[in-house]
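S.K.: Sequence:
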Amino acid sequence: MDKVTDAYMDKVLLLYKCYLNGDSMRLASRRVGMTYYSTRVMFNVWKREKIVID
Numbered sequence: 000m001d002k003v004t005d006a007y008m009d010k011v012l013l014l015y016k017c018y019l020n021g022d023s024m025r026l027a028s029r030r031v032g033m034t035y036y037s038t039r040v041m042f043n044v045w046k047r048e049k050i051v052i053d
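0 is the number of the first residue of the sequence shown in numbering that gives the first Met the number 0; add one for each residue after it.
Quick caveat, the hints were computed from the structure, so don't treat them as lab data. Take the hints with a grain of salt, since some may be wrong.
[Unchecked claim] Computed cross-link-like contacts, BS3-like style, restricted to lysine-lysine with a CA-CA straight-line distance of at most 30 Å:
1) K16 x K49
2) K46 x K10
3) K49 x K10
Here the structure is a predicted model, which is why all the values come from computation and not from measurement.
Let the hints inform the model, and build the full structure from the sequences given.
M.R.: Listed below in C-alpha cells is the structure:
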C-alpha cells in the first residue's frame, strides 16, 4: 500500500476504536481529524451493517 492509503487506514482504525468506545460522532471526528460528515457516514455504516473489524 502507498502512504496515503496507510494514513487513511490508520484514521479508519482510530475512528472504529472511538465507535467501540461509545464516543460521540463529533468527538470522534475531532480526535481522528476527519470531517463530521465522513465520521457520520462511517458510524452509520458500522451501526447498520454490524461490521466488526478484527
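S.K.: For every hint, state whether the structure bears it out.
M.R.: Comparing the hints with the structure gives:
1. Straight-line distance between C-alpha atoms of K16 and K49 comes to about 14 Å, which keeps the hinted pair within the 30 Å bound.
2. Proximity of K46 to K10 is assessed by CA-CA distance (about 18 Å); at most 30 Å being required, the pair is judged to hold.
3. A C-alpha spacing of about 19 Å is found between K49 and K10, which places the hinted pair at or below 30 Å, so the restraint holds.
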